[in-house]
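Number of protein chains: 2
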Amino acid sequence: MKINLLFTGKTKIPYIDQGVSDYFKRLKHYIPIEIIIIPDLKNTKKLSEKEIKKKEGENILKVLPVSNFIILLDEKGKEYGSVDFSGFINTKLNEGKDLCFVIGGAYGFSETVYRKANAKISLSKLTFSHQMIRMIIAEQLYRAFTILRNEPYHHA
Amino acid sequence: MKINLLFTGKTKIPYIDQGVSDYFKRLKHYIPIEIIIIPDLKNTKKLSEKEIKKKEGENILKVLPVSNFIILLDEKGKEYGSVDFSGFINTKLNEGKDLCFVIGGAYGFSETVYRKANAKISLSKLTFSHQMIRMIIAEQLYRAFTILRNEPYHHA
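Quick note, the sequences are listed as chains A and B, same order. Residue numbers are given in the working numbering: position 144 of the first sequence equals residue 144, and the series is strictly consecutive. Residue numbers are given in the working numbering: position 10 of the second sequence equals residue 166, and the series is strictly consecutive.
Isolated chain A (complex conformation):
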C-alpha cells in the first residue's frame, strides 16, 4: 500500500516546499509515499483558463496511476473532519488500494480528469491557493496516521 500525491506544477513558494517536505518525511515513517509533479506548462499567457485546464488535464492523465483509488482535492468535494478523514484513508488502505491524491493547477481540473476520479474531497469551504493545499493535505495525511496509530501529534 502506498500514497501518491500528484501536484500540478512545481511548488514555487519556498516555505510551502519546506512544509511539504517536513510532513513528507514524517509520513514516510507510516507508509510509502511519493510526490509526482506535473511539469509546468510553457507559454500560458496566450491560453484561456479553459485551455490551461485542458492541457494540464492531458498531462495529469499521462502520469495518473489509474490502478490507484483517485481522490481529487476539489472545492466541490466532500468535507471531512480529521477523524473521519483518517477513517476514510484506513478503509481504502484496508481494501488493498493505493491512494492517489491529485491537486490541480490554479484553475482546477478539466472534465477528463473529473471522469477519472473515484472521490472528491474538499479541505474547507474556504478557497486555498493550490500551493497552500499541498501543505495542508500533507499535514492532514500526517495527522490521519497519528490518529490511526493513536500517537501524539508532533507540532514541530
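Hints in this document: simulated from the structure, not taken from any laboratory. No residue lacks a Cβ here, since even glycine has one placed at the ideal position from N, Cα and C. Errors might be hidden in some of the hints.
To be verified - Calculated from the model, a selection of chain A residues having no Cβ within reach of chain B, i.e. all distances over 10 angstroms:
1) ASN4
2) PRO14
3) ILE35
4) LYS45
5) GLU49
6) ASN59
7) PRO65
8) ASP98
9) ILE103
10) LYS116
11) LEU123
12) LYS125
13) ARG143
Unchecked claim - Here are the simulated SDA-like cross-link-like pairs (lysine to any residue), alpha carbons at most 20 angstroms apart as the crow flies:
14) B/LYS168 <-> A/ASP17
15) B/LYS168 <-> A/LYS50
16) B/LYS281 <-> A/ILE36
17) A/LYS116 <-> A/GLU75
18) A/LYS10 <-> A/ASP22
19) A/LYS62 <-> A/SER21
20) A/LYS125 <-> B/VAL219
21) A/LYS25 <-> A/SER122
22) A/LYS76 <-> B/LYS168
23) B/LYS276 <-> B/GLY264
24) A/LYS12 <-> B/PHE180
25) A/LYS45 <-> B/HIS310
26) A/LYS116 <-> A/GLY81
27) B/LYS234 <-> A/LEU148
28) B/LYS234 <-> A/LYS54
29) A/LYS54 <-> A/LEU148
30) A/LYS97 <-> A/ASN4
31) A/LYS12 <-> B/ASP178
32) A/LYS12 <-> B/TYR309
33) B/LYS168 <-> A/GLY81
34) B/LYS281 <-> A/ALA119
35) A/LYS10 <-> B/TYR309
36) A/LYS50 <-> B/TYR309
37) A/LYS76 <-> B/GLU235
38) B/LYS276 <-> B/ASP240
39) A/LYS12 <-> B/GLN174
40) B/LYS276 <-> B/TYR309
Go by the hints and put chain B onto chain A.
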C-alpha cells in the same frame, strides 16, 4: 481601521513563520495590521490541558484589545467561503471596528476567552495545528482584500 492577529505562543516552525511574514507584508498594502504574540508558558509539563488553557487564557486577556471586534478561530465556529469571509470583514470594517483574530494554543481557548468573543470562525471541518492556522488565516485575509478590491490573487 486595523486588523490585529493575536497568536498564543511563538511561531516555532520556520516555514510557517516565513509564510505568515509573506502574507503579512502583502496585507500591509491594504490595511494596518499587527501581530501580537502571547509569550509561551514555562514549565508546562506538570500542567494539565485545562490548566494550560486557563493560564494561556489569562495571558490572552491581559493583552486582548477589548475595544476590537474579537474573532476566535475555533473549530466550533461558523464556516465561511472566501467570498463570504471577505464580505464579513468588509461589513465589520465599515462599521468602524478594528478586528482582532485570536488563535489559541494547542488545546484551544479557556471559558474566560470564549466569554470575550464577538464571533467564532472555523477555517475547516478539519483540525489544523495552531501553527498552520496562523498561515491559513494570513492567506485568507490577503485573499479577502484581493476579493474586496477586485484584484488578482498573486500566488507567489
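Which hints, by number, does the structure contradict?
-> Of the numbered hints given earlier, those the structure breaks are 2, 11, 12, 13, 15, 16, 19, 20, 21, 22, 26, 27, 28, 29, 33 and 40, listed in rising order.
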